[in-house]
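2 protein chains.
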Amino acid sequence: MLRRRSFQTKNIFRTTREYTRIAFKSIRSISLVPYGIHPLSTKSAKSEAPLLCEPKEPVLKSKDIPGPKSIALKKKLETIQAAGTVEFFADYEKSFGNYICDVDGNMILDIYTQISTLPLGYNHPKLLQVFQNDQNLKALINRPALGVTPGKDWPDKLSNMLQTIAPKGLSKITTMMCGSCSNENAYKAIFIWYRNKLRGDNCPSEEDKKSALLNKPPGSPNLSILSFKGGFHGRTLGTLSTSHTNYIQKLDYPAFDWPVATFPKYKYPLDQNENFNKKEDKNRLLEVKKLIDSSACKSPVAGIIVEPIQCEGGDNEASAEFFKGLQKICKEKGIAFLVDEVQTGGGITGKFWCHEHFNLDGPPDIVTFSKKLQMGGFFHKDEFVVREPYRIFHTWMGDPSKLLLLEEIIHVIEEEKLLENVNETGAYFKEGLMSIEKEFKELLHSTRGRGFFLATTCSNAATREKIVVTLKKVGIQVGVTGESSIRFRPALIFKKKHVDIFLDRFHKVLKCL
Amino acid sequence: MLRRRSFQTKNIFRTTREYTRIAFKSIRSISLVPYGIHPLSTKSAKSEAPLLCEPKEPVLKSKDIPGPKSIALKKKLETIQAAGTVEFFADYEKSFGNYICDVDGNMILDIYTQISTLPLGYNHPKLLQVFQNDQNLKALINRPALGVTPGKDWPDKLSNMLQTIAPKGLSKITTMMCGSCSNENAYKAIFIWYRNKLRGDNCPSEEDKKSALLNKPPGSPNLSILSFKGGFHGRTLGTLSTSHTNYIQKLDYPAFDWPVATFPKYKYPLDQNENFNKKEDKNRLLEVKKLIDSSACKSPVAGIIVEPIQCEGGDNEASAEFFKGLQKICKEKGIAFLVDEVQTGGGITGKFWCHEHFNLDGPPDIVTFSKKLQMGGFFHKDEFVVREPYRIFHTWMGDPSKLLLLEEIIHVIEEEKLLENVNETGAYFKEGLMSIEKEFKELLHSTRGRGFFLATTCSNAATREKIVVTLKKVGIQVGVTGESSIRFRPALIFKKKHVDIFLDRFHKVLKCL
Numbered sequence: 001m002l003r004r005r006s007f008q009t010k011n012i013f014r015t016t017r018e019y020t021r022i023a024f025k026s027i028r029s030i031s032l033v034p035y036g037i038h039p040l041s042t043k044s045a046k047s048e049a050p051l052l053c054e055p056k057e058p059v060l061k062s063k064d065i066p067g068p069k070s071i072a073l074k075k076k077l078e079t080i081q082a083a084g085t086v087e088f089f090a091d092y093e094k095s096f097g098n099y100i101c102d103v104d105g106n107m108i109l110d111i112y113t114q115i116s117t118l119p120l121g122y123n124h125p126k127l128l129q130v131f132q133n134d135q136n137l138k139a140l141i142n143r144p145a146l147g148v149t150p151g152k153d154w155p156d157k158l159s160n161m162l163q164t165i166a167p168k169g170l171s172k173i174t175t176m177m178c179g180s181c182s183n184e185n186a187y188k189a190i191f192i193w194y195r196n197k198l199r200g201d202n203c204p205s206e207e208d209k210k211s212a213l214l215n216k217p218p219g220s221p222n223l224s225i226l227s228f229k230g231g232f233h234g235r236t237l238g239t240l241s242t243s244h245t246n247y248i249q250k251l252d253y254p255a256f257d258w259p260v261a262t263f264p265k266y267k268y269p270l271d272q273n274e275n276f277n278k279k280e281d282k283n284r285l286l287e288v289k290k291l292i293d294s295s296a297c298k299s300p301v302a303g304i305i306v307e308p309i310q311c312e313g314g315d316n317e318a319s320a321e322f323f324k325g326l327q328k329i330c331k332e333k334g335i336a337f338l339v340d341e342v343q344t345g346g347g348i349t350g351k352f353w354c355h356e357h358f359n360l361d362g363p364p365d366i367v368t369f370s371k372k373l374q375m376g377g378f379f380h381k382d383e384f385v386v387r388e389p390y391r392i393f394h395t396w397m398g399d400p401s402k403l404l405l406l407e408e409i410i411h412v413i414e415e416e417k418l419l420e421n422v423n424e425t426g427a428y429f430k431e432g433l434m435s436i437e438k439e440f441k442e443l444l445h446s447t448r449g450r451g452f453f454l455a456t457t458c459s460n461a462a463t464r465e466k467i468v469v470t471l472k473k474v475g476i477q478v479g480v481t482g483e484s485s486i487r488f489r490p491a492l493i494f495k496k497k498h499v500d501i502f503l504d505r506f507h508k509v510l511k512c513l
Numbered sequence: 001m002l003r004r005r006s007f008q009t010k011n012i013f014r015t016t017r018e019y020t021r022i023a024f025k026s027i028r029s030i031s032l033v034p035y036g037i038h039p040l041s042t043k044s045a046k047s048e049a050p051l052l053c054e055p056k057e058p059v060l061k062s063k064d065i066p067g068p069k070s071i072a073l074k075k076k077l078e079t080i081q082a083a084g085t086v087e088f089f090a091d092y093e094k095s096f097g098n099y100i101c102d103v104d105g106n107m108i109l110d111i112y113t114q115i116s117t118l119p120l121g122y123n124h125p126k127l128l129q130v131f132q133n134d135q136n137l138k139a140l141i142n143r144p145a146l147g148v149t150p151g152k153d154w155p156d157k158l159s160n161m162l163q164t165i166a167p168k169g170l171s172k173i174t175t176m177m178c179g180s181c182s183n184e185n186a187y188k189a190i191f192i193w194y195r196n197k198l199r200g201d202n203c204p205s206e207e208d209k210k211s212a213l214l215n216k217p218p219g220s221p222n223l224s225i226l227s228f229k230g231g232f233h234g235r236t237l238g239t240l241s242t243s244h245t246n247y248i249q250k251l252d253y254p255a256f257d258w259p260v261a262t263f264p265k266y267k268y269p270l271d272q273n274e275n276f277n278k279k280e281d282k283n284r285l286l287e288v289k290k291l292i293d294s295s296a297c298k299s300p301v302a303g304i305i306v307e308p309i310q311c312e313g314g315d316n317e318a319s320a321e322f323f324k325g326l327q328k329i330c331k332e333k334g335i336a337f338l339v340d341e342v343q344t345g346g347g348i349t350g351k352f353w354c355h356e357h358f359n360l361d362g363p364p365d366i367v368t369f370s371k372k373l374q375m376g377g378f379f380h381k382d383e384f385v386v387r388e389p390y391r392i393f394h395t396w397m398g399d400p401s402k403l404l405l406l407e408e409i410i411h412v413i414e415e416e417k418l419l420e421n422v423n424e425t426g427a428y429f430k431e432g433l434m435s436i437e438k439e440f441k442e443l444l445h446s447t448r449g450r451g452f453f454l455a456t457t458c459s460n461a462a463t464r465e466k467i468v469v470t471l472k473k474v475g476i477q478v479g480v481t482g483e484s485s486i487r488f489r490p491a492l493i494f495k496k497k498h499v500d501i502f503l504d505r506f507h508k509v510l511k512c513l
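Listed in order, the protein sequences are those of chains A and B. Heads up, the first sequence is in full-length UniProt numbering, so the first residue is 1 and it goes up one at a time. Heads up, the second sequence is in full-length UniProt numbering, so the first residue is 1 and it goes up one at a time.
Looking at chain A on its own, in the form it has when it is part of the complex (with noise of 0.2 Å):
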């Protein structure tokens, strides 16, 4: 059904054309609000019917966001549960394209897409129909527990999936909930294949047993995960002491005493500090490599968790060299080499994973994934499936519903030329953002990125809000990442007069500074 990355084979004018009949159905069928602007007298209507109902630019109606409902229904949830980090309340049904609409009518450019989960931005036509579907609508009511009677098209589901998108060399799945629960169980299954090599053909002892169930070793040994300054991986007690991007985020939990090492930091622009990033590639190599050695006493190295681009830490980037070179001591150590592909992941970066870029000696051992692909879990080699059942489980294991979302998500992908889009708008966004930082180098410097996975760092922390504050009181929404950088990560269907929109918008707010 899914053809083996096929993304750029299908003629674009068909699939247009079929998409401005599903939208202008849809919009009708579903009654979609296309507050003021009538879809059917929109010009680009037949090139781009994805986008038929978003405002030509931001609509602001409130002095302020939030405005005065988003602030009452704030004060109202405040009386429930703490809602500090609730920035607006959003309108759903009439949130179109690239554009959230908020509670006071305010049609928001959205270029941080629920952190980075929505690849079709807001309701897409083609997935309103998704559960307009018998098959579907009952697969979504009658969850099961897919490690004990799945539904009958789940092995071609998942085998469809692994034709697809699975990294090119990785045979096996496991599905899971979200980024935290895929990397745990990604984890697990990274001390089961290194206590497996240890034992060979012997079976776990009595003593293993026995102590593992009282939390002691040997059955519980002191093994480690590998992971880096500036890495996050999840919020589990688990994936948070592989997570070192803020202290907020750890601070009062226990957490397993395993090694942390540190990421390169390179100077910008790269290609005129070539000499100092590949000593920092060295030095940080050989760091690593004398870390495992020193916790093999205290707590074994079992496997490196790294991101390609370090999401919440900062957008940090890392050469392919560095990646390549951590690859090779994996190798040499007989650990696992995880790539946590949960934010970065999913077409992004211009490649649907992000590792692809590195070119790297196979596949990595374990890929984890979650955000724009709905779901959660991890594609692995063969030797990291686990033959003992109930090792790896979980009452759900997942949630069927999310996939068939994931499916079409990959057939938009594949008819609308998404990844196509991601690298020439994102070429055309990431070209402006040079340019802008050129003229306000006081405040900008670092531009950097893949696709759409762009970031920029301010001169401080105090600078980054305020321009991020007034980017959203001219209806723009950005992310925060690290200290002091901004992170954009605009839907897939983000095309050249959204970025036109941003950037004349962003120029205002640094002349205004």
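The set of hints was computed from the structure by calculation and includes no laboratory data. A few of these clues could be false.
One copy or two, either will do: identical chains are not told apart, so a pair holds if it fits within one copy or between any two.
Restricting the straight-line Cα-Cα distance to at most 16 Å, the calculated cross-link-like pairs of lysine to aspartate or glutamate (EDC-like) are [to be verified]:
hint : residue 1 : residue 2
1    : K197      : E87
2    : K157      : E78
3    : K74       : E87
4    : K495      : E388
We have chain A already, so just place chain B on it with the hints.
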């Protein structure tokens, strides 16, 4: 919209009429397949509309379960992932009410309901309607980052949930995805609460902040959660450190070396062993106190987690006095009392929460939930609200579409008086089991449970295996728990006629052993 504890207020006749109408409409409009029994001609249609499409009894088409089609699919799945736990593949389009249909056409009476996650059985007409509604469909497609930009109705929906189903006295809610992450995040809330008490008005020190980022004390302190042998609370590394049912779930993973107490082990029948059981309670509570004291230096206990009935560990019950004693110890020691209702919540014990049977001195500090509630999360006291942003956080923090299902489930529980059904039919079910236990004393003992949360213990593991496999051959799906117990987890719509079918076949199976 939903009313607090008003499950038994509505006129059943109006409800049933409305039901029948909806059921018929749903069946017509979404072409449910009634496998040979035409729903409109069924005599019981008016009084039991949701069970319309059920067969009169289990229908067996293949010689064995799993049948040939399930076996072929399992082989296919095994090329993609370990599938050792898969029992058979289901056809969820053809499943209905209390019957699950497998791919070989067998209609199996399901008394395990996807590890107790389906309160209304399969394809309940009211649940099928939930997403045939524009607003709800869009809530499903546009999944928000609930901590950042929740939808406009989110505060109202949470508020309704608090007013209708929250354990009395717990006024706050944190939403999550599944049982594991609900417990993990409840632990985090406990650790923060515990350390805040120690800190008083002081801010965390710079040393706290720096050391937390590197997994070291004092920022990452050696605090612990006390749990019980035979308890089960999840599959992530934190919750696994509080789970102790089977070594296979824990072997080879690092664990926090947290204290583990002994859960009461009673003699049955309870009314003939009062003295022994009272002494057991006393000894177990004494052990808990001692463990808290002895952990004070190495790994101070910040909270206790306990299931109201140990679900995975063998359906082990403890007395109201034991739970009252635990709560009292927590108050005395200044630690949190967390009741894990992931499996016991949602009405299956005859009350919405199992701990309501215990007449505690005020509510527990935290009650975690998932499974039958479709989403995860925890209700808690105000003092466990974490005021600083981004401490208890997650990209999604739940899934509004699951809350939409839960809302409808709560309506149906109320309208169909399902808690009454659980109590009445549950008593009938238990009585039947007791009578069979009496007849087969050499095979069964310790029949126990509340409402539909029932279990019986077999003479040994091999006997249980024989019984469970033979039950499946005659079209009955049950669960197992502990070393040699069978657990029953019917949907809340299980009726006396289903009990009769089960008891009749159970009796025959035992007779043939």
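So, going through the hints one by one against the coordinates:
When the C-alpha separation of K197 and E87 is checked against a cutoff of 16 Å, the pair qualifies neither within a copy, at 49 Å, nor between copies, at 29 Å. Taking the shortest alpha-carbon separations for K157 and E78, only the inter-copy value of 14 Å comes in at or below 16 Å, while the best intra-copy value is 41 Å. For the homomeric pair K74 and E87, the shortest alpha-carbon distance inside one copy (9 Å) is at most 16 Å, but the shortest distance between copies (47 Å) is not. Proximity of K495 to E388 under the C-alpha cut-off of 16 Å is found in neither arrangement, the shortest distances being 48 Å within a copy and 37 Å between copies.
Hints 1 and 4, counting from the list given before, are not met by this structure.
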